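J.: Could you build all of it, start to finish, from the sequences and the hints given here?
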Amino acid sequence: MIKTTDIKKVFDAYEQELSLVEAKLEELFHSEAPLIPLIGRYLLESGGKRLRPLFLLSSARLAGYKGEDHITLAGVIELIHTASLLHDDIVDGAKIRRGRAAAHSVWGNQIVILVGDFLYSNALKKAVSFRNQSVMEALSEATTGMTEGEILQLQKTADISITEDEYIKIISAKTGLLISAACRIGAILGTSSPAEENALAMFGLKAGTAFQMADDILDYMAEETELGKKLGKDIEEGKITLPVIYLVKNASASEKEEIKRIIENPSEKGLRRILALFRQYSILKDSFKRAQALVFEAKAELSIFPDSPDRDAMLSLADYAISREK
33 MIKTTDIKKV FDAYEQELSL VEAKLEELFH SEAPLIPLIG RYLLESGGKR
83 LRPLFLLSSA RLAGYKGEDH ITLAGVIELI HTASLLHDDI VDGAKIRRGR
133 AAAHSVWGNQ IVILVGDFLY SNALKKAVSF RNQSVMEALS EATTGMTEGE
183 ILQLQKTADI SITEDEYIKI ISAKTGLLIS AACRIGAILG TSSPAEENAL
233 AMFGLKAGTA FQMADDILDY MAEETELGKK LGKDIEEGKI TLPVIYLVKN
283 ASASEKEEIK RIIENPSEKG LRRILALFRQ YSILKDSFKR AQALVFEAKA
333 ELSIFPDSPD RDAMLSLADY AISREK
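In terms of this note's numbering, the sequence shown is residues 33 to 358.
Please keep in mind that the hints were generated in silico from the structure rather than gathered at the bench. Note that the coordinates shown come from a computational prediction; the quantities given were computed from them, not determined experimentally. For every residue, glycine included, the Cβ atom is placed at its ideal position computed from N, Cα and C. Errors might be hidden in some of the hints.
Claimed, not checked - With a straight-line cut-off of 20 Å between C-alpha atoms, the simulated DMTMM-like cross-links for lysine to aspartate or glutamate are: (1) K188 with E198; (2) K188 with D121; (3) K188 with E268; (4) K56 with D44.
As the list claims (entries may be wrong) - The calculated label-pair distances, taken between Cβ atoms and stated as ranges, are: (5) A285 with E47: 52 to 60 Å; (6) S63 with K321: 41 to 49 Å; (7) Q142 with R73: 13 to 21 Å.
T.: Written out as structure tokens, the structure reads:
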């Protein structure tokens, strides 16, 4: 388990660059349509750890990059992430994002869908300006995969027959691919060999997937004030994540029928029953073990690089992915 002081050192080490990324984000929200920067400011004020930019910044440093393009591209990565959140909240009907009213709850679906479209297109427009085919390939593969992951998840709504492999495929696409792209772009900017570039991309994919896995587990453990979302929100939305998959695998036949009914007709009483079954079968503990194993795999990818403070920073980032407040 990572110490709070360890991850604080990582954020402190990149504080200046992250400040530049924040300024770049404000620039990327600029538009002649006044609602876009207005909503942009609302989103920026909502906070966020800027983990995806940090993965790119740290990868670039590990790869020996000495220029300034990584700042803009880190902003591009965060802009794509923000666009995906705007669209996802509408698809999911989510009312809360990071402890505040979701943007569509304030401005309506039509406006926010279009703002999300603007963020996607503006991010790619800025990325194109670097005239780097490899960077564009990384971004296009990630954004395409993110959309496919969201569609796959929708197809599995309230389907308790979903397998662990299917679930991992979904979250790898939804979350892992963009973090993988961030790490790959850092490698592309630097002096990495093809093997090192691939290692950083795989590190990002596995760490990003573990991050989403941990987030899904925390959905059953955190109150709204801790993570900015309601306890058991995934059940309300019919999202079958790793804890429920493990529960179905361990439950008796009658319990499986009960779980199915609860998922199809969610309620506070039903959620309490699910939480009780989680405790009975040690589901959340086992789920975290799976996330920890994935982080172990991610960290092993970086063995291709020699020991260094930059490598240590990336290892700490991977640990942090599953070590947030539970």
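J.: It remains to establish, for every hint, whether it holds in the given structure.
T.: Structure-based check of each hint:
1. K188 with E198: 9 Å, holds
2. K188 with D121: Holds, at roughly 17 Å.
3. K188 with E268: 14 Å, holds
4. K56 with D44: Within the cut-off at roughly 19 Å; holds.
5. A285 with E47: 52 to 60 Å: 55 Å, holds
6. S63 with K321: 41 to 49 Å: At roughly 46 Å between Cβ atoms, K321 and S63 fall inside 41 to 49 Å, so the hint holds.
7. Q142 with R73: 13 to 21 Å: About 20 Å separates the Cβ atoms of Q142 and R73, which means 13 to 21 Å holds.
Hint compliance for this structure: no hint is broken.
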